[in-house]
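S.K.: One letter stands for each residue in the lines below.
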Amino acid sequence: GQQVMQIPQYQHVQEGEDFTTYCNSSTTLSNIQWYKQRPGGHPVFLIQLVKSGEVKKQKRLTFQFGEAKKNSSLHITATQTTDVGTYFCAGRPTGGGNKLTFGTGTQLKVEL
Amino acid sequence: EPEVTQTPSHQVTQMGQEVILRCVPISNHLYFYWYRQILGQKVEFLVSFYNNEISEKSEIFDDQFSVERPDGSNFTLKIRSTKLEDSAMYFCASRTTGVSGNTIYFGEGSWLTVV
Numbered sequence: 001g002q003q004v005m006q007i008p009q010y011q012h013v014q015e016g017e018d019f020t021t022y023c024n025s026s027t028t029l030s031n032i033q034w035y036k037q038r039p040g041g042h043p044v045f046l047i048q049l050v051k052s053g054e055v056k057k058q059k060r061l062t063f064q065f066g067e068a069k070k071n072s073s074l075h076i077t078a079t080q081t082t083d084v085g086t087y088f089c090a091g092r093p094t095g096g097g098n099k100l101t102f103g104t105g106t107q108l109k110v111e112l
Numbered sequence: 113e114p115e116v117t118q119t120p121s122h123q124v125t126q127m128g129q130e131v132i133l134r135c136v137p138i139s140n141h142l143y144f145y146w147y148r149q150i151l152g153q154k155v156e157f158l159v160s161f162y163n164n165e166i167s168e169k170s171e172i173f174d175d176q177f178s179v180e181r182p183d184g185s186n187f188t189l190k191i192r193s194t195k196l197e198d199s200a201m202y203f204c205a206s207r208t209t210g211v212s213g214n215t216i217y218f219g220e221g222s223w224l225t226v227v
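Residue numbers (our numbering), protein chains in the order written: chain E, 1 to 112; chain D, 113 to 227.
Keep in mind that the hints were calculated from the coordinates and are not lab data.
Using N, Cα and C, we set each Cβ at its ideal position, and we do this for glycine too.
One or more hints might be untrue.
What the hints assert, rightly or not - From the structure, some residues in chain D lie toward chain E, with a derived Cβ separation under 7 Å:
1) K154
2) V155
3) F157
4) S160
5) E165
6) S167
7) N214
8) F218
9) E220
10) G221
11) W223
12) T225
To be verified - Below, computed lysine-lysine pairings styled on BS3-like, alpha-carbon distance capped at 30 Å:
13) K70/E to K190/D
14) K56/E to K154/D
15) K190/D to K51/E
16) K190/D to K99/E
17) K169/D to K51/E
18) K70/E to K169/D
19) K169/D to K36/E
20) K57/E to K154/D
21) K190/D to K36/E
22) K56/E to K190/D
23) K154/D to K36/E
Said to hold, decoys possible - Where chain D lies over chain E, by a calculated footprint (3+ residues, C-beta under 8 Å):
24) 41-47
25) 99-111
Between the sequences and the hints, there should be enough to build the whole structure, so can you do that?
M.R.: Next comes the structure, spelled out in structure tokens:
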């Protein structure tokens, strides 16, 4: 079945440093979504990317969808303590279907 | 902002007992989901539900699991005979259709502990 892996699994940064998480799918995706889950919380939708090579920005967050639509990345510039949480990518396979397969997640910790 | 609500927030049950987790999806949404997350692990798809029937399910969703939409607002997940490995956070989620239906809204989860 479809596998979605993320690296790194954990990342510790000092506040103000940048952070990037990478997402790789074993199959081509029709779209990729990114979610943030605070400790003890539920996944919260951040963004969806649909087009090959698409780049979207939300303030300090930059999301990219690979040309082959099998990988994606999330980059945070100048991290803040409010960025703490686990970031999951989630992909829907090409050919449709309702199933959203979540990646393994990257847990971000930000220290002052 | 509309939200998906889930009850109970936490349930402790004995192994072998039946459990029903309840969800009220956002009112105009048409697709409903159950996901689960074992502590410290990723979010795993269990089942999707549309037009009063299961549209997709994962290998985790075996005969011990069932879903139901008993009325116009509730969406339930039943685990017939719980096992220790069913201990997890269970998230209900919903979305609408069309372009705006790409966003899936998750509830705050029901934490199930099987002892």
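S.K.: Tell me whether the statement that chain D covers the segment 99-111 of chain E is true, taking a Cβ distance below 8 Å and needing three residues at minimum.
M.R.: Satisfied; 7 residues make the cut.
S.K.: Does K57/E pair with K154/D here, judged by a C-alpha cut-off of 30 Å?
M.R.: holds, 25 Å
S.K.: Quickly compare the C-alpha distance for K169/D and K36/E to 30 Å and report which way the hint goes.
M.R.: holds, 24 Å
S.K.: Per the CB criterion, is E220/D less than 7 Å away from chain E?
M.R.: At 5 Å from the nearest chain E Cβ, E220/D passes the 7 Å test, so the hint holds.
S.K.: Once the shortest beta carbon distance from F157/D to chain E is found, is it less than 7 Å?
M.R.: holds, 5 Å
S.K.: For the restraint on S167/D, tell me whether the closest CB of chain E is nearer than 7 Å.
M.R.: Cβ of S167/D sits 5 Å from chain E, so the hint holds.
S.K.: Is the Cα-Cα distance between K56/E and K190/D 30 Å or less?
M.R.: violated, 39 Å
S.K.: Quick one, is the W223/D hint okay against chain E at 7 Å, beta carbons?
M.R.: violated, 10 Å
S.K.: Does G221/D pass the interface check with chain E, least Cβ-Cβ distance below 7 Å?
M.R.: holds, 5 Å
S.K.: Given E165/D as an interface hint, is the shortest Cβ-Cβ distance to chain E below 7 Å?
M.R.: violated, 12 Å
S.K.: Keeping to a limit of 30 Å between CA atoms, is the pair of K70/E and K169/D held or broken?
M.R.: holds, 23 Å
S.K.: Does the structure keep K190/D and K36/E at a Cα separation of 30 Å or less?
M.R.: Distance of about 27 Å is within 30 Å: holds.
In this structure, the hints that do not hold are numbers 5, 11, 12, 13, 15, 22, in rising order.
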